[in-house]
Amino acid sequence: MNFAQVVVNSLITASELGLIAIGLTLTFSLLKFGNFAHVEMAVAGAYMAWALNTGMGLSFALSLAIAAVVMGFFGILVDRAIFRVFRNAGDIAPMIASLGLAIAIRYSIQAIFGPHFLRYNFAIAPGMKIAGAYITRQQIWILAIVACAMLGFHLLLQYTPIGKAMRATSTNVELAQASGINTERVIAWVWFLGTAFAGLGGVLVAWDTQLIPDLGFNLVIPAFCVVLIGGVGSIYGAMLGAVVVGFAVNLGVTVNLAPIVNWISGEQIFGSLRLPPDYKPAIVYAAVILLLLLRPSGLVRRELG
Amino acid sequence: MDQLANFGIYLMAITSISFMLAMSLNLQVGGCGLINFGQVVFLTVGAYATAIALATGASPLMAVLCGVLVGIFFGLLMSLTVRNMSGTYWGILSLSLAEIVRIIALNEQWLTGGANGISITISVPNLPWIIAASAVGVFLLVRVLVASPFGRTIRMIREGDRLPAALGKNVLVFKIETMAIGGAIGGLAGAYYALMQRYMSPDDAKPIETFIVWAMVVLGGRGNVWGIVLGTIVVQAFYTGTRFLTGLVDINADTMAALRLVTIGVLITVVMMYRPEGLLPERRRIYRID
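Just so you know, the protein sequences line up as chains A and B, in that order.
Just so you know, the first sequence maps onto residues 1 to 305 in my numbering.
Just so you know, the second sequence maps onto residues 1 to 290 in my numbering.
If you're looking for bench data, these hints aren't it; they were derived computationally from the structure.
Ideal placement from N, C-alpha and C gives every residue a C-beta, glycine not left out.
Incorrect hints may appear among the rest.
What the hints assert, rightly or not - Some chain B residues well away from chain A (every beta-carbon gap over 10 Å; in silico):
| no. | residue |
| --- | --- |
| 1 | P207 |
| 2 | G241 |
| 3 | F244 |
Said to hold, decoys possible - Pairwise CB distance ranges, derived in the manner of DEER restraints:
| no. | chain 1 | residue 1 | chain 2 | residue 2 | range |
| --- | --- | --- | --- | --- | --- |
| 4 | A | D208 | B | R284 | 45 to 55 Å |
| 5 | B | E108 | A | P259 | 42 to 52 Å |
| 6 | A | I140 | B | I233 | 47 to 57 Å |
Stated by the list, open to error - Selected chain A positions facing chain B (Cβ under 7 Å, derived; list incomplete):
| no. | residue |
| --- | --- |
| 7 | I92 |
| 8 | L143 |
| 9 | A144 |
| 10 | A178 |
| 11 | G180 |
| 12 | E184 |
| 13 | Y285 |
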């Protein structure tokens with residue numbers, strides 16, 4: 001694989017993961033628990049879009065938009081029905097509850113749609129070559145959609161009253177309340193936006209690869225990894241973290257490790273040493289473990305919501 | 001009739017294995033407050049160690065011992081990563097660790113047989129009864145352990161690191177000991193699992209196995225040994241009972257399996273919401289000086 005291809009693949013992975021991780025990092029910092037059900041929202045959104053797209057015959061773009069909005073409201077519903085109970089119950093109880101919810105969502109999807117993989121209904125257009133890297137039309141769309149979503153979120157955060165309230169609440173809940181911010185309203189907004197973005201990200205992942213009920217499982221640790229690299233609660237950190245994870249997984253299996261090993265040992269042991277592609281998921285798991293051991297507070301100092 | 005009796009004995013053995021895994025998790029979570037989302041790793045390494053030891057010609061007893069030792073080793077390995085990490089972070093870490101072990105088991109064919117798994121040709125006489133007796137032994141051991149000064153100290157650690165540290169307890173040492181004991185019990189369960197199934201594959205190392213054990217502990221009552229007995233029996237009975245239902249109701253087996261897990265998930269969430277202490281809550285003891 002050439003380097004340009006690695007860059008393209010990494011950017012695609014990064015944009016999908018970044019979109020999904022935003023909601024995770026926001027609820028993590030606001031409600032102080034790791035929501036293991038968050039990535040399942042992405043999968044649920046992807047399946048909803050599939051049902052709208054192939055079942056009801058809507059266009060892919062419309063299905064994607066409807067699924068994202070519906071998932072946003074579903075996020076608020078989940079908070080009201082489940083996580084509101086745990087507002088002052090520490091970090092462990094809601095985390096275990098979210099794990100139960102994750103299992104319930106994943107296997108509900110499997111019971112409804114079956115364990116086999118599904119595809120969206122859209123016209124396949126030929127890909128193109130840019131600077132030696134092959135990129136499909138879908139992937140160009142994914143990059144464009146994610147760029148728009150991120151920019152929109154940035155503008156919302158910086159220039160609207162609700163964005164300011166979100167940043168304030170994420171920095172210090174008590175101070176925000178003392179300043180007259182209705183934090184429950186902010187929390188509802190965070191669930192809406194975070195889950196809608198997760199749904200959108202889920203559709204894009206499934207569009208780029210394939211739609212299977214287990215999709216969420218392949219995303220949960222990478223999403224947490226993105227959050228931990230960026231620092232919990234930092235949206236811009238999450239965007240950066242997604243780029244780091246995207247490059248780590250794609251570079252990890254292409255880089256020739258032999259020179260490094262030879263340099264460490266001082267001898268020419270290997271001519272070529274690459275990580276087998278089957279170990280690709282393990283790179284993120286190992287990265288998470290190292291990260292938690294070395295820098296539990298994240299790599300980026302958090303400054304704003 | 002004979003068939004039914006055989007099935008009963010099989011069920012007893014499988015329930016005993018689940019029970020040991022649940023006791024191990026309970027010691028970590030209910031005892032010491034260690035949120036282990038990678039509990040399945042003990043089953044995995046215990047089962048593989050046993051199967052590999054048998055394949056190299058070890059006696060069943062030696063093989064089970066191997067399973068326990070490897071379980072202890074992984075318990076120690078995991079405990080070294082705890083330090084003063086928050087529950088959430090260690091949960092993520094332990095889940096990642098268990099997944100790495102599963103990926104290794106899936107890919108290192110020379111050691112584990114890869115996706116095809118590893119078979120055991122030896123059959124141990126009276127195995128179900130040995131397993132059941134071991135489960136009773138584990139129950140008694142953990143009961144003694146939680147009532148001992150060791151048990152009191154780890155419960156104190158569960159409520160926070162600062163007070164035990166102020167009383168001169170070495171928090172890390174207690175966490176390491178808890179994980180070693182938990183690993184030993186989990187490794188034993190894994191060893192029996194391999195002997196009972198006479199087979200081990202990466203499919204049995206999936207994270208969902210961890211969460212089924214979590215359902216037993218959460219439902220029964222964290223920190224209460226009798227709660228774990230109840231939780232294990234209820235979850236296992238539900239799991240096995242609904243398997244028979246497949247024949248009676250017109251639902252295909254795949255859907256039924258998925259619905260079973262939906263119920264497990266809902267169960268965990270609902271219990272955490274409305275009865276976080278479980279069906280049989282831990283007895284709070286109040287100590288008075290006078």
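Unsatisfied constraints (hint numbers, rising): 1, 5, 8, 9, 10, 11 and 12
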